[in-house]
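J.: What follows is each chain in one-letter form.
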Amino acid sequence: MGKRVLLIEDEPNIIQAISFILSRDGWRVDTHADGATALDEIVRRAPDVVILDVMLPNRSGFDVLQDVRAHPEMQAVPVLMLTARGQTRDRELAERYGASQFMTKPFSNAEVLDTVRALSEV
Amino acid sequence: MSQTTLTGSRIRETRLLAGVKQADLARQIGISATYLNLIEHNRRRIGGKLLTDIAGVLEVDPASLAEGAEAEVVAALREADLAMPQVEVELDRIDDFAARFPGWAALVTGQNRRVRDLEQMVENLTDRLAHDPALAASLHDVLTTATAIGSAAAILTETKEIETEWRDRFHRNIHEDSQRLASSSQALVRYLEDPGRPEGQVTSPEEELDAWLAEHDHHIAGLERSLPLTNELLFQEAPGLESAEAQVLGAAVFNRYRQDAAALPLTAFQRAAAEAKYDPVVLSDQFSVPVSQVLRRMATLPRDPGRPRIGLAVCDSAGGLTYRKPLGGFSMPRFGSGCPLWPLYQALSRPMTPIRTVIETAGRDPTRYLTYAMAEPVGVPRFDAPVVYEATMVILPRDLVPFPETDFQVIGTNCRVFPCPSCEARRATA
Numbered sequence: 001m002g003k004r005v006l007l008i009e010d011e012p013n014i015i016q017a018i019s020f021i022l023s024r025d026g027w028r029v030d031t032h033a034d035g036a037t038a039l040d041e042i043v044r045r046a047p048d049v050v051i052l053d054v055m056l057p058n059r060s061g062f063d064v065l066q067d068v069r070a071h072p073e074m075q076a077v078p079v080l081m082l083t084a085r086g087q088t089r090d091r092e093l094a095e096r097y098g099a100s101q102f103m104t105k106p107f108s109n110a111e112v113l114d115t116v117r118a119l120s121e122v
Numbered sequence: 001m002s003q004t005t006l007t008g009s010r011i012r013e014t015r016l017l018a019g020v021k022q023a024d025l026a027r028q029i030g031i032s033a034t035y036l037n038l039i040e041h042n043r044r045r046i047g048g049k050l051l052t053d054i055a056g057v058l059e060v061d062p063a064s065l066a067e068g069a070e071a072e073v074v075a076a077l078r079e080a081d082l083a084m085p086q087v088e089v090e091l092d093r094i095d096d097f098a099a100r101f102p103g104w105a106a107l108v109t110g111q112n113r114r115v116r117d118l119e120q121m122v123e124n125l126t127d128r129l130a131h132d133p134a135l136a137a138s139l140h141d142v143l144t145t146a147t148a149i150g151s152a153a154a155i156l157t158e159t160k161e162i163e164t165e166w167r168d169r170f171h172r173n174i175h176e177d178s179q180r181l182a183s184s185s186q187a188l189v190r191y192l193e194d195p196g197r198p199e200g201q202v203t204s205p206e207e208e209l210d211a212w213l214a215e216h217d218h219h220i221a222g223l224e225r226s227l228p229l230t231n232e233l234l235f236q237e238a239p240g241l242e243s244a245e246a247q248v249l250g251a252a253v254f255n256r257y258r259q260d261a262a263a264l265p266l267t268a269f270q271r272a273a274a275e276a277k278y279d280p281v282v283l284s285d286q287f288s289v290p291v292s293q294v295l296r297r298m299a300t301l302p303r304d305p306g307r308p309r310i311g312l313a314v315c316d317s318a319g320g321l322t323y324r325k326p327l328g329g330f331s332m333p334r335f336g337s338g339c340p341l342w343p344l345y346q347a348l349s350r351p352m353t354p355i356r357t358v359i360e361t362a363g364r365d366p367t368r369y370l371t372y373a374m375a376e377p378v379g380v381p382r383f384d385a386p387v388v389y390e391a392t393m394v395i396l397p398r399d400l401v402p403f404p405e406t407d408f409q410v411i412g413t414n415c416r417v418f419p420c421p422s423c424e425a426r427r428a429t430a
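For the record, the sequence lines run as chains G and C. Per the working numbering, the first sequence starts with residue 1, numbered consecutively. Per the working numbering, the second sequence starts with residue 1, numbered consecutively.
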């Protein structure tokens, strides 16, 4: 069975594009669109890599990331954070809260694929 | 007789004729009585702003306090000099320059005013780009849509064999996202550029409410009546809050104002406040209300020649300013939080402890103010939830309470504009 990635993103067309390229690379892709229940989904799915958008409905990606890093079972899961703002402050927050990698929109499909592959090797 | 000699003497003469005490005038313009005394006895020159402030309190034309129109030009030239300290000018010949070359003098002062206005505009726009939640959401929408288009287009271009269903789906996505991108971009441009607005001014619901409150000097007469007006009647009787979003924000302000006015009736409170020299702890004890409520109420007192001007800042637990009433040289950022050294934030770190501090504003015209600040919990504390605090700070003229001259804290507007790169509390900016 291929490695599992959980994509937490509320933009449907981005979900489709990322799901397509990752599944073509042999990944099993699960998706979730709500920030409030994101941690529950991460615990339930126990993915090998989490792709987490910052701007989510009901709870921000930064809050979800803090929850993940505080969770005894999921605190070591690699997390790739996605954001459209790309400011220094967002990068600092991502690092501070424990993101494994940080990527700003717009990003390339190859960039996402290479980063997810690298994170799964960690 | 020199212009300096006449200016100080004319201020003193005008003040005495108006029946205004020296200490009262000094307090109203935010300087010490000692300094005003030096000015009146022509031992200190004063800049254009201070002269204008004095004239405003004495209700006279600034030019009448100086000898001829040249005095205003000289004052403006001094401001231009202060704005560029790296350029050495022949200050001892400033009067001669203003008199012999009025056109050049007008050009210099006009350009200085223009630069100052542009700097303020840039500061406002930069603040907005960094902190305006509506603008951030619009930019996020544009970038997210562009990302979706780019990803779908790359898939169609780079995938050698793609199922028809997927190909059709991505074509459809590109079409939808292109339309959405066009719409988002147009909305963003409209938001930033309104031909009806003055150059550099953009209006959000928060700005709309701030402008309305400023127009009323934060005193809402309709809520001071024995039967306060409802919010709906307020919107009708005092129009200016046009957007639905601004009215929602306004309603929250009006509701709180109504509560504060009921707890601290205007006539009794303004008399007690003057007697207590605006000490909020004394007033809190006297009226048996929270200190924060006293601070908010102080800022709603109507303008009066015998009463000091009072500024107000309120912030939430995250430090974001939720209410602004700027005062003179103490400016407040439009978005985000203020300088971390404000007593407002010191209060957040020491909840339920009243804080009294003299501050000095950094920058072009340093000015000292007296501040009172207090952080109190919002709502009723519960066992199963963290306590959320709100901090409130009033800004008053420096001389209300005796303080040692050396006992003050230098503060800025926020980290973006505070000219102190070595400040330990400085927040890094992008």
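Don't take each hint at face value.
[Unchecked claim] So these bits of chain C aren't anywhere near chain G, every CB distance computed over 10 Å:
(1) 121
(2) 137
(3) 146
(4) 147
(5) 170
(6) 189
(7) 281
(8) 286
(9) 353
[Stated by the list, open to error] Now the stretches of chain G that chain C is said to cover, found in silico as 3 or more residues with beta-carbon under 8 Å:
(10) 20-32
(11) 62-71
[Stated by the list, open to error] Partial chain G-side listing against chain C, Cβ under 10 Å, derived:
(12) 16
(13) 17
(14) 39
(15) 43
(16) 58
(17) 74
(18) 77
(19) 104
(20) 105
(21) 106
(22) 107
(23) 109
(24) 110
(25) 114
Read the hints as simulated data drawn from the structure, not as lab findings. Here a beta-carbon is modelled for each residue, glycine too, at the ideal position from N, C-alpha and C.
J.: Hints first: check each against the structure and report whether it holds.
T.: We went through each hint and held it up to the structure:
no.	hint	result
1	121	holds (21 Å)
2	137	violated (8 Å)
3	146	violated (5 Å)
4	147	violated (4 Å)
5	170	violated (7 Å)
6	189	holds (18 Å)
7	281	holds (37 Å)
8	286	holds (43 Å)
9	353	holds (29 Å)
10	20-32	holds (count 3)
11	62-71	violated (count 0)
12	16	holds (7 Å)
13	17	holds (3 Å)
14	39	violated (18 Å)
15	43	violated (22 Å)
16	58	violated (15 Å)
17	74	violated (23 Å)
18	77	violated (24 Å)
19	104	holds (8 Å)
20	105	holds (4 Å)
21	106	holds (4 Å)
22	107	holds (7 Å)
23	109	holds (5 Å)
24	110	holds (8 Å)
25	114	violated (14 Å)
In the structure shown, a violation is registered for the earlier hints numbered 2, 3, 4, 5, 11, 14, 15, 16, 17, 18, 25, in ascending order.
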